[in-house]
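To convert, take the position in the sequence shown, counting from 1, and add 1284; that gives the numbering used here.
Any given hint might turn out to be false.
[As the list claims (entries may be wrong)] Below, a list of computed lysine to any residue pairs in the SDA-like style, where the Cα atoms sit at most 20 Å apart:
| no. | residue 1 | residue 2 |
| --- | --- | --- |
| 1 | K1353 | P1523 |
| 2 | K1723 | T1655 |
| 3 | K1437 | L1493 |
| 4 | K1766 | T1727 |
| 5 | K1723 | P1693 |
| 6 | K1729 | L1636 |
| 7 | K1427 | Y1459 |
| 8 | K1482 | G1470 |
| 9 | K1437 | K1353 |
| 10 | K1437 | P1693 |
| 11 | K1579 | L1636 |
[As the list claims (entries may be wrong)] Label pairs and their in silico Cβ distance ranges:
| no. | residue 1 | residue 2 | range |
| --- | --- | --- | --- |
| 12 | T1727 | P1590 | 51 to 61 Å |
| 13 | E1578 | A1307 | 14 to 24 Å |
| 14 | G1305 | D1479 | 35 to 45 Å |
| 15 | T1350 | G1651 | 22 to 32 Å |
| 16 | P1480 | R1306 | 46 to 56 Å |
| 17 | S1649 | S1669 | 43 to 53 Å |
| 18 | P1693 | G1651 | 33 to 43 Å |
| 19 | E1676 | T1467 | 34 to 44 Å |
Hints were generated in silico from the structure; no laboratory data involved. Glycine residues also receive a C-beta, built at the ideal position from the N, C-alpha and C atoms.
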Amino acid sequence: MNKTIRRASVFALLLVLALLGRATWVQAYEAKALANDQKNRRKTIAQYGQPLGNIVVAGTPVTGSTRTKGGDLAYKRTYTDGELYAAVTGYSSQAYGATQLEGIYADVLDGTDDRLKNPLDALTRRQREPGTVLTTIDPEVQKAGYRALGNKKGAAVAIDPATGRILGMVSTPSYDPSRIAGTADGEAWRDLTGDPDKPMVNRALRQPLPPGSTFKLVVAAAALEEGLYASVDTATASPDPYTLPHTRTVLPNENASAPCENATIRTALRYSCNNVFAKMAADLGQDRLRAMAEKFGFNDTERDVPVRAYASVYPSGMDPAQTALTGIGQFDVTATPLQMAMVSAVLANDGLLAAPHMVAQVVDSDGDPLTTYRDGDTTRVVSASTARQLREAMRTVVERGTGTNAALPGVEVGGKTGTAQHGENNSSTPYAWFTSYAKDPATGKQVAVAVLIEDSGAARSEVSGNGLAAPVARKMMAAALK
1285 MNKTIRRASV FALLLVLALL GRATWVQAYE AKALANDQKN RRKTIAQYGQ
1335 PLGNIVVAGT PVTGSTRTKG GDLAYKRTYT DGELYAAVTG YSSQAYGATQ
1385 LEGIYADVLD GTDDRLKNPL DALTRRQREP GTVLTTIDPE VQKAGYRALG
1435 NKKGAAVAID PATGRILGMV STPSYDPSRI AGTADGEAWR DLTGDPDKPM
1485 VNRALRQPLP PGSTFKLVVA AAALEEGLYA SVDTATASPD PYTLPHTRTV
1535 LPNENASAPC ENATIRTALR YSCNNVFAKM AADLGQDRLR AMAEKFGFND
1585 TERDVPVRAY ASVYPSGMDP AQTALTGIGQ FDVTATPLQM AMVSAVLAND
1635 GLLAAPHMVA QVVDSDGDPL TTYRDGDTTR VVSASTARQL REAMRTVVER
1685 GTGTNAALPG VEVGGKTGTA QHGENNSSTP YAWFTSYAKD PATGKQVAVA
1735 VLIEDSGAAR SEVSGNGLAA PVARKMMAAA LK
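Please model the complete structure; the sequences and the hints are all you need to start from.
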């Protein structure tokens, strides 16, 4: 054979082998990655090629699908009471992807999850009927919180303390995910993403802000657990006025006439005495206080409910004056409404934290479970004695303290108000907080709630946890206990 021809043949053979090797690599190792690539149009066509599975609240779907007119995407997502449940569902958009439960369970809801296929389907790549996501949300609690928040900028979370089930999760202002479900919703997308009130941000999970005096419950828990004080009725060593350590800065109390000097923890919670809890935080030190905060859930960067919640933060590297300020929920302490609901839930549940979750089960089209989230998966945070004492002190807050607007007839209710500074030198409207629990002695039902009012439009002098946030909590607690 001619030498030139032989070389050309060998080269051609190597090219063929290279092509076969590349094809084998793509088919065997890269097929799944390519199929799941967001730029792969076929993935989107398959995703919306049939009606999507539903997200269900109390047995009723709050999502649906509708047939599109023209184009290669046969169906698009629809929402029932979209604004009411947006903080739970998130959105599923043909153009902008999916978020929250829609995003986490996208493969189940569009029928591409491998667990939905039988062996024959795996060979033929036939797409099976989609699955369903069953939430823990109580529609009455959700509606109560949404209506009570109204046109205020804020959020609220309600949890069953014993099981960890999230009964309500509201963020306002909200939005209707149906507005951005299709491919021609660019104007609506620009309106929503450009809105300064950020309606697409889930404030319940993803906007940690200073918790103010609601954090005093964590400080009190640390003081009791560490033996700093024997009980909530032991007098504390708390001068009034209190000067921050190593400074000349005097920390004022909101109510100058309140009996805060050397007040007990019960009295200090009732009147929200800054001097008591700042001094307590300084006495505990940042390490012991951070350890307690982390037991309640602060600094947890992997809190999935199953949507990932942003971490609530108790800081480190502080001087004594800064540590004292954390005792009143200021300096660099931040918390989400979910986190502050968890604090009240722990105290209501005798010191045990039941892992919060808003999905009960994910099931296939036959109703067989694919994933089940356990109720009552608990960890010990504080002793039952500490929890009981702080519940009693929280009851004092509601019965004759700063939280009277949360009271419910015939129901045990305890709570803690908070008003957190906002802006440089507290130049902006403060945040109003309320965290609480309620127990119905007749039925045994219980609930923990946290409410944040970021902006109500009210005058600065009218902003308070009792005036703005406690009424929202009361309505959600009443709905949960029905």
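- Item | C-beta pair E1578, A1307: status relative to the range 14 to 24 Å that was hinted | 52 Å, violated
- Is the hinted pair K1427 and Y1459 satisfied, with a Cα-Cα distance of at most 20 Å? Holds - the C-alpha atoms of Y1459 and K1427 are around 15 Å apart, at most 20 Å.
- Are K1729 and L1636 close enough, with their CA atoms no more than 20 Å apart? At roughly 17 Å apart (the allowed maximum being 20 Å), L1636 and K1729 satisfy the hint.
- Message: Holds or violated: K1723 and P1693, Cα atoms, limit 20 Å.
- Response: 11 Å, holds
- Query: Given a hinted range of 22 to 32 Å, is it respected by the beta-carbon distance of T1350 and G1651?
  - Reply: Between T1350 and G1651, where Cβ atoms are some 24 Å apart, the hint holds.
- Query: Can the restraint linking K1353 and P1523 be considered satisfied, given a maximum Cα separation of 20 Å?
  - Reply: 72 Å, violated
- Does the alpha-carbon distance linking K1579 and L1636 stay inside the 20 Å limit? Holds: K1579 and L1636 sit about 10 Å apart, inside 20 Å.
- Query: When you check the alpha-carbon spacing of K1437 and P1693, does it fall within 20 Å?
  - Reply: Violated - the C-alpha atoms of P1693 and K1437 are around 29 Å apart, more than 20 Å.
- For the pair we were handed, K1482 and G1470, check the Cα-Cα distance against 20 Å. Roughly 17 Å between the alpha carbons, so the hint for K1482 and G1470 holds.
- Query: CB of E1676 to CB of T1467, is that within 34 to 44 Å?
  - Reply: 57 Å, violated
- Query: Taking the beta carbons of T1727 and P1590, is their distance inside 51 to 61 Å?
  - Reply: Since the Cβ atoms of T1727 and P1590 sit about 29 Å apart, the hinted range of 51 to 61 Å is violated.
- Message: Just to be careful, I want the Cα atoms of K1766 and T1727 compared with a cutoff of 20 Å; is the pair within it?
- Response: Judged against 20 Å, a Cα distance of about 9 Å means the pair holds.
Hints 1, 2, 9, 10, 12, 13, 14 and 19, counting from the list given before, are not met by this structure.
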